[in-house]
Amino acid sequence: MISFGFFNYWIFIILLMIGLYTVMSRSNLVKKMIGLSLFQISVFLFYISMGKVTGGTAPIVVENTADAVTTAYSNPLPHVLILTAIVVGIATTALGLSLVVRIKESFGTIDEEDILEMEDGA
Amino acid sequence: MMSMSSQFPILVAIAPLMAAPFCALIRGNTLPWALTTIISAFTFYVSLSLLFAVTAGGPISYELGGWAPPWGIEYVVDPLSGFMLVLISGISTGVLLFARESITKEVPAHQLGLFFAAYLLSLTGMLGICITGDTFNIFVFLEIMSLSSYALIAMGERTDRRALTAAFQYLIIGTVGATFYLIGIGLIYMMTGTLNIADIAMRFPEIEDTRPILAAVGFIVIGIGIKLALFPLHAWLPNSYTYAPNIITAFFAGTATKVSVYLLIRFIFTVFGPNYSFAGLGLMDILMPLAILAFLSMSAVAVYQTNLKRLLAYSSVAQLGYIVLGIALASESGLTASIIHIFNHAIVKTGLFLSVGCMFYVAGSTYLKDLQGIGRRMPVTTFGFVLGGLGLIGVPLTPGFISKWYLVVAVLEKGSYFGYALVAALMMSSLLAVIYIWRVVEVAYFRPAPEGTETQEAPMSLIIPTWIFILGSFYFGIETSFNVGFAKAAAAFLMGGV
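Chains as they are written, first to last, in the working numbering: chain A, 170 to 291; chain B, 685 to 1182.
Isolated chain A (complex conformation) (with noise of 0.2 Å):
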C-alpha cells in the first residue's frame, strides 16, 4: 500500500506533468501560459508540503503559558521560501502574457502553429 502520506507529493508530481504537458501540446501561446503557471504552481505545494511536521503548529514561539505543551512547530523556512517563488510566478505570468499582446498586435494571431507558417512566408 502506498502511504497516504505521500498524498501531497503524488499530487504535486501529477500537476506538474499537466502543466508540462500543456505546456508542450497546445499552440495556443495563453494555454501555453496557463500550463506554465500550473507547472508553476505545483512546486510551491511539493514546498509547502515539505515544511509541514506532523502534529506541529504555526512556529510561534508561547512563553510562560500554562499550555504551552506543543514543543513540535511546522518549518517555516519554505513557506518563507515560497512567497519569493509565488512573486517569481506572478512577475513571469505578466511577462508573458503581455509578450502574447504584443505577439497578437503584431502577427495578428496567437496561435504558434498560424505564427511559424507566416514565418516560413516572410
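Treat the hints loosely; a few may be bogus.
[As the list claims (entries may be wrong)] Ranges of calculated distance between the beta carbons of each label pair, as one might list FRET restraints:
| hint | chain 1 | residue 1 | chain 2 | residue 2 | range |
| --- | --- | --- | --- | --- | --- |
| 1 | B | R711 | A | F176 | 51 to 61 Å |
| 2 | A | A260 | B | I698 | 16 to 26 Å |
| 3 | B | I698 | A | L214 | 29 to 39 Å |
| 4 | B | A740 | A | I183 | 51 to 61 Å |
| 5 | B | R895 | A | L214 | 12 to 22 Å |
For the record, the hints were derived by calculation from the structure and aren't laboratory data. Keep in mind that this is a model prediction, so the values were computed, not measured. All residues carry an ideal CB built from backbone N, CA and C; glycine is no exception.
Starting from the structure of chain A, add chain B where the hints point.
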C-alpha cells in the same frame, strides 16, 4: 568604523539593482545610458578589487544583515566567482561603451530608460548568481536575470517582429529550466535542511546514496542545462540571439550562458563534489557525448546559415560544447581548459557580435545577402570581424588557440584511442569553423557590393569599443598570465575541495 571595501561583496549586486528603478524614471537619449555605464564600470572596479583581494588573502565571506551562515544568506567570493565577476562586469562595461549610438537605431527614445533598467537588472542577476553562496538566492537571481533578458530580447521587435516569438519561446523554456532547478534545491533542502552551498557540501557525503538526492541532481543538471543551452536543450538560443538588439546579443553571448556554465561547475565540483558527480554518478557519460554532438553538429549547422547573427549563435552553442567537454573530462586540466575557454570565448564572441552590430548600424541588416562586398564598404569593421573569426577558429596567437591547446592537452591525458578520437573530433569542429568564417569572408570581400552603396564606416564610438574587444582578445592570446593564471587557480581551488 567599517571600511568601504568590507562591503564590496554586497555592493556588486546591489548597486545595479538600486540603480535600475532610477534608470527607469529617467528620460532622454543619453542620461539612462550614462547612469548604466557608470554603475557597470563601478561593479567592474569592485569586482577587480575583490578578485585581487581573494588572490592575496583567500576566499571572502560576507554575511548579509549580520546573520551568520548557514541561517543567513552568505555571499562568497572565491577564485572562480571572483574571476566570473570580473568577466561579466568587464564585458558589460565594454558593451555599454558601444551602446550609446547603436541602441538609438533599435529602441525608440522614450523607451531607453526602461531598456537600460532591464539591462541593469539582468546585470544584477548575473553578478548575483556568481557571488551568492545560497542556493535559493541563486534561484532568485537566476529569475531576475531571465525575466529581464526576456524583456530585452523582445525589444528587438522594431527591427524584426520575430523577436517577440523568440522571447516568448525563451520565456517558456527558461521558466521550465528555472523551475526544475527550484525542485532540485527543494529536494536537497528536504535531505539536508540547509540552503547554504558550503553547508550542503559538508553534509552531502552522508546522504549522497539516497533517491531524493539522485532526483535532485537530475533536476538541477537538466535545469541548468536548459539555461546553458546544452545540446539538445539549446533550441531557444539561436532565435533569441538572432532577433535581440545587437548590444543585447553581444552582452548575452559573452555572459548569460557563461553564468550557467559557472552554476554547472559550482554544483558539480563544490556541492556534489567531483567524486560523487563523476565516480559515483557517471555524469561524464552523459555530458561528454552531448558536448561532442554539440560542437560537431552545431558547427555544421552554422555553415548553412544565411543570417550572420544566427551563424554566430550556432557557433556559440558549439563553443559551449568545448566548455562542457572540459568539465566532463573530470580532471583538473580539463576544468582549467573549460574556465579558460569561458573567458576567451566570451571576449572573442562579444567582439564578433559588436562587429556585426557596426555592420547593422550602417547596412541595416545582418543577412549575408545584404552584406555583400561589406569588406570594401566597411574595411575597418570587417577586418576586425575577420580577426575575431580567427580567434574563433583557434589560430595561434589568438585566445581560441590557447583554450584549444589546453583542451587538447587535457583530452590527451585520457590516453588511449578514445583521447585521439576526441582530438580528431575537436580538429574537425575547428575545420568547420574555418568553413563558416570563410563563407563570411567570401561574401564580404569577393562579392561585388550592390549598386548604390558607398564606402561608409561606422562611427568611431562603435568602432573603438569593437576594436577594444578584438585587440583585447589578441592580448589575452599572447600574454596569457591573466586568464590562464586565474583559471588555473580557480580549477585548483575547486579540485582541492577547500
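Against the structure, the hints:
no.	hint	in the structure
1	R711(B) <-> F176(A): 51 to 61 Å	55 Å, holds
2	A260(A) <-> I698(B): 16 to 26 Å	19 Å, holds
3	I698(B) <-> L214(A): 29 to 39 Å	32 Å, holds
4	A740(B) <-> I183(A): 51 to 61 Å	54 Å, holds
5	R895(B) <-> L214(A): 12 to 22 Å	20 Å, holds
The structure meets every hint from the earlier list without exception.
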